[in-house]
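Chemist: Full structure from sequences and hints, please.
Going line by line, the protein sequences match chains A and B. So the first sequence is numbered by the working numbering: it starts at 1 and just counts up by one. So the second sequence is numbered by the working numbering: it starts at 1 and just counts up by one.
Think of the hints as simulated: they come from the structure by calculation, not from any bench. One thing to keep in mind: the hints can contain errors.
Pairwise CB distance ranges (calculated) [to be verified]:
hint	chain 1	residue 1	chain 2	residue 2	range
1	A	T40	B	T64	41 to 49 Å
2	A	D221	B	K112	46 to 54 Å
3	B	K236	A	T40	52 to 60 Å
Cut-off 30 Å, straight-line C-alpha distance, at most; resulting in silico cross-link-like pairs (BS3-like, lysine-lysine) [to be verified]:
hint	chain 1	residue 1	chain 2	residue 2
4	B	K37	B	K12
5	A	K33	B	K70
6	B	K77	A	K36
7	B	K77	A	K119
8	B	K4	B	K29
9	A	K33	B	K112
10	B	K75	A	K94
11	B	K4	B	K183
12	B	K92	B	K70
13	B	K184	B	K20
14	A	K115	A	K50
15	B	K278	A	K242
16	A	K36	B	K75
17	A	K50	A	K210
18	B	K75	A	K103
19	A	K94	B	K77
20	B	K70	B	K112
21	B	K183	B	K8
22	B	K210	B	K37
23	B	K70	A	K119
24	B	K278	A	K103
25	A	K33	B	K77
26	B	K70	B	K236
27	B	K75	A	K119
28	A	K207	A	K50
29	A	K115	B	K75
30	B	K77	A	K115
31	B	K8	B	K29
32	A	K103	B	K70
33	A	K94	A	K36
34	A	K33	B	K92
35	A	K50	B	K75
36	B	K28	B	K8
37	B	K92	B	K184
38	A	K103	B	K77
39	B	K70	A	K36
All C-beta atoms, glycine included, are put in the ideal place defined by N, C-alpha and C.
Each chain, written out:
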Amino acid sequence: MKQILEPYDITREREMMLPLDYNRRSQLKHYDKTYKAEITNIIRLTEMEKLFQVRIIDDTERERFTFLPGQFVMVEVPGYGEIPISISSSFTHKGFIELCIRKVGLVTTVLHNAKRGCKVGIRGPFGTHFPMEQMRGNNILLIAGGLGLAPLRAPIFHVIENRSYYKDVYILYGTKESNLLLFTYQYEEWDRIADINLRVIAEQGSKDWKGEIGLITDLLDEVDVDPGETNAIVCGPPVMFKFVCQRLTDMGIPMHRMFVSLERRMHCGMGKCCRCNIGSTYTCVDGPVFDYWTVMNLQEAI
Amino acid sequence: MLFKTIAKSEFKRLVEDLLKEEEVIGPKKIGEREDGKAIHQFLPVQSYGELDLEYGRTEYSAKTYFLPYKETLSKYKFSNDNWQQEIEYRLKPRFMIGLHACDINALLRLDKVLARDSYPSPYYISRRRNTFIVGIDHPPLEDCFCRAVGADVVTQGFELYLTSLGDRYFVSINSDRGFNLLKKYAIHDVTDEDTQAYLEVRREHAAGQKPLNLHDIPNLLDIEFYSDVWRQWGQKCLNCGSCAMVCPTCYCYGVSERVSMGGDEGEKSRQLYSCNLKDFACVAGNHNFRPDPATRLKYRYYHQHRGFTETFESPLCVGCNRCGRVCLAGINPPAIFNDLQAEGGA
Ligand SMILES: Cc1cc2nc3c(=O)[nH]c(=O)nc-3n(C[C@H](O)[C@H](O)[C@H](O)COP(=O)(O)OP(=O)(O)OC[C@H]3O[C@@H](n4cnc5c(N)ncnc54)[C@H](O)[C@@H]3O)c2cc1C
Ligand code: SF4
Ligand code: SF4
Ligand code: FES
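Modeler: Here it is as structure tokens:
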């Protein structure tokens, strides 16, 4: 006998939309679909961090993959787990992306043991981005502490590629110890670009360290900009951006023109699992990029 | 909405026909409490007799049939340094009979997040669309507060809704598939007498519930964010997560993956989680954004009654008080609200 209720095949897209209305129909099909991506290069940065260059394998998927500076992807090692990682490359490269990953636990260790040619899954991009268009015509301070340089590289590349859009540009970077500095091989290139002020500082220097010693906030003493025409992007651990943003506020930069990126536990990236909740805000969809004023107003954000 | 009546004997025939062909889930008595009261659970039934439509409450909610405790999201097949992802959604139709208004409202509130917001979940929608829901009216229980959160009345989200009028049911029909099923049986047009009897039953039910004052709760949750109320109740909380498991609306989850013994297959699955569990917000390096029980307890209430209200104009909670009943520490929403209001001087 025939079934009383016909099965409703949700993959037959048009029909399944009937009773409930959605605003992101196309997402339904991609909800849990990962783009397969190949690790094309692995660059060792320090003992703890490696830079992974990955390429989405399917040509159409790779072409369609677009993102904005500050967004993140969910990187999946099938069978092991899925983790949120900021995109650390220029968005003009589309589906060729770079991910700077610190070895801290299960999935990150599996990734660190991976070889060139391994295939990982990429979902996304997710979250909010740094409003680069809005900052045009202004000075930009790009400030990073520690691993914060990873997400900051996306806006740095954007500013370099579009240098004429912006007035004075400062890149300020600091770490606890000089041997923890990331992307050391790129400083020279950035520094040689006329009209970009790069300053690097470490709280403690190793024997061969010839650079500056001190706190990241020390670098701000020598920044001379008109606070009314200045935007700041600050990436780093909460203690670091709290102090930096405090200093920037003292300098007269309005809080809604400083942008930070928050970190929380994430299991979906789509506002569903609630793991990234801060009060009634979802870090994965309302963030990770927030202006500092919003962060100050979130209960228990920092 | 269309209204009809059906004799209870005829409804029995309908269910028996369903049982021959389909999976039928309903309130089933599974035991007795010490005080002699029956314990019910939503479970698959094999005969009409197993279906106890006069039940008071089920310990667990109907949520598990839409958001199972554990659900496979995708499977992976590994071969020569490569893998293939396979995704399947549950398609098999199912009939759920005997859901109370709060449980249907719970599904409607879950729909807002899981079926209508951005990134609608195909896993959830497929289950939802393939479930035929028959609701039923019931006299209020002594400890629920559905009326205070606007969950005592349902106007959508079901196919059929029954109200008992002695030997017959007054049936509200809300979907064509409901109507198509029903029209194969002897149904009657509603008479004035039926309508009067129906309204009388509704009035009785409404009068039966003890009112709960939820005045200013979303506001108090924010203002009293650092209140001592949370510390006091938080000290009692065992961080067991039972409240979220039985709740019809708690939907937070965790995702984990595993590789088969042979190493040739992998699976990514989702487990329902609870914000009361210790590692809910714990990240690498053992940094926990919500280290103490008080903050975790607070967040469950904050999400249910403030966070959700901010986005969707109603609390997520439907007032079934399952969380209050299951809690070994005696933590329950009415008591928390009472203390918050006292603290706030309301
Ligand atoms: C928006 C965002 C961007 C990030 N960008 C980077 C980046 O560019 N480079 C980088 O090295 N790290 C980044 N992280 C942190 C990174 O996600 C964690 O280090 C990683 O999840 C740890 O996974 P694990 O399995 O190795 O650790 P384990 O301790 O074994 O973690 C187990 C699980 O806990 C969860 N988890 C643990 N720590 C975090 C965390 N900090 N954030 C979210 N979930 C966590 C994950 O679900 C993980 O699978 C980012 C985090 C967020 C939220
Ligand atoms: S409130 Fe009660 S049920 Fe919920 S986690 Fe705490 S002790 Fe367990
Ligand atoms: S009363 Fe408790 S179990 Fe019922 S919906 Fe509200 S929070 Fe969930
Ligand atoms: S990561 Fe799941 S809700 Fe934000």
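Chemist: Please go over all the hints and tell whether each is borne out by the structure.
Modeler: Okay, the hints, checked on the actual structure:
{"no.": "1", "hint": "A:T40 to B:T64: 41 to 49 Å", "verdict": "holds (44 Å)"}
{"no.": "2", "hint": "A:D221 to B:K112: 46 to 54 Å", "verdict": "holds (51 Å)"}
{"no.": "3", "hint": "B:K236 to A:T40: 52 to 60 Å", "verdict": "holds (54 Å)"}
{"no.": "4", "hint": "B:K37 to B:K12", "verdict": "holds (25 Å)"}
{"no.": "5", "hint": "A:K33 to B:K70", "verdict": "holds (19 Å)"}
{"no.": "6", "hint": "B:K77 to A:K36", "verdict": "holds (13 Å)"}
{"no.": "7", "hint": "B:K77 to A:K119", "verdict": "holds (13 Å)"}
{"no.": "8", "hint": "B:K4 to B:K29", "verdict": "holds (29 Å)"}
{"no.": "9", "hint": "A:K33 to B:K112", "verdict": "holds (22 Å)"}
{"no.": "10", "hint": "B:K75 to A:K94", "verdict": "holds (28 Å)"}
{"no.": "11", "hint": "B:K4 to B:K183", "verdict": "holds (10 Å)"}
{"no.": "12", "hint": "B:K92 to B:K70", "verdict": "holds (17 Å)"}
{"no.": "13", "hint": "B:K184 to B:K20", "verdict": "holds (16 Å)"}
{"no.": "14", "hint": "A:K115 to A:K50", "verdict": "holds (12 Å)"}
{"no.": "15", "hint": "B:K278 to A:K242", "verdict": "holds (26 Å)"}
{"no.": "16", "hint": "A:K36 to B:K75", "verdict": "holds (14 Å)"}
{"no.": "17", "hint": "A:K50 to A:K210", "verdict": "holds (24 Å)"}
{"no.": "18", "hint": "B:K75 to A:K103", "verdict": "holds (26 Å)"}
{"no.": "19", "hint": "A:K94 to B:K77", "verdict": "holds (28 Å)"}
{"no.": "20", "hint": "B:K70 to B:K112", "verdict": "holds (21 Å)"}
{"no.": "21", "hint": "B:K183 to B:K8", "verdict": "holds (15 Å)"}
{"no.": "22", "hint": "B:K210 to B:K37", "verdict": "holds (21 Å)"}
{"no.": "23", "hint": "B:K70 to A:K119", "verdict": "holds (27 Å)"}
{"no.": "24", "hint": "B:K278 to A:K103", "verdict": "holds (23 Å)"}
{"no.": "25", "hint": "A:K33 to B:K77", "verdict": "holds (15 Å)"}
{"no.": "26", "hint": "B:K70 to B:K236", "verdict": "holds (28 Å)"}
{"no.": "27", "hint": "B:K75 to A:K119", "verdict": "holds (16 Å)"}
{"no.": "28", "hint": "A:K207 to A:K50", "verdict": "holds (24 Å)"}
{"no.": "29", "hint": "A:K115 to B:K75", "verdict": "holds (23 Å)"}
{"no.": "30", "hint": "B:K77 to A:K115", "verdict": "holds (20 Å)"}
{"no.": "31", "hint": "B:K8 to B:K29", "verdict": "holds (20 Å)"}
{"no.": "32", "hint": "A:K103 to B:K70", "verdict": "holds (29 Å)"}
{"no.": "33", "hint": "A:K94 to A:K36", "verdict": "holds (15 Å)"}
{"no.": "34", "hint": "A:K33 to B:K92", "verdict": "holds (22 Å)"}
{"no.": "35", "hint": "A:K50 to B:K75", "verdict": "holds (28 Å)"}
{"no.": "36", "hint": "B:K28 to B:K8", "verdict": "holds (18 Å)"}
{"no.": "37", "hint": "B:K92 to B:K184", "verdict": "holds (23 Å)"}
{"no.": "38", "hint": "A:K103 to B:K77", "verdict": "holds (26 Å)"}
{"no.": "39", "hint": "B:K70 to A:K36", "verdict": "holds (25 Å)"}
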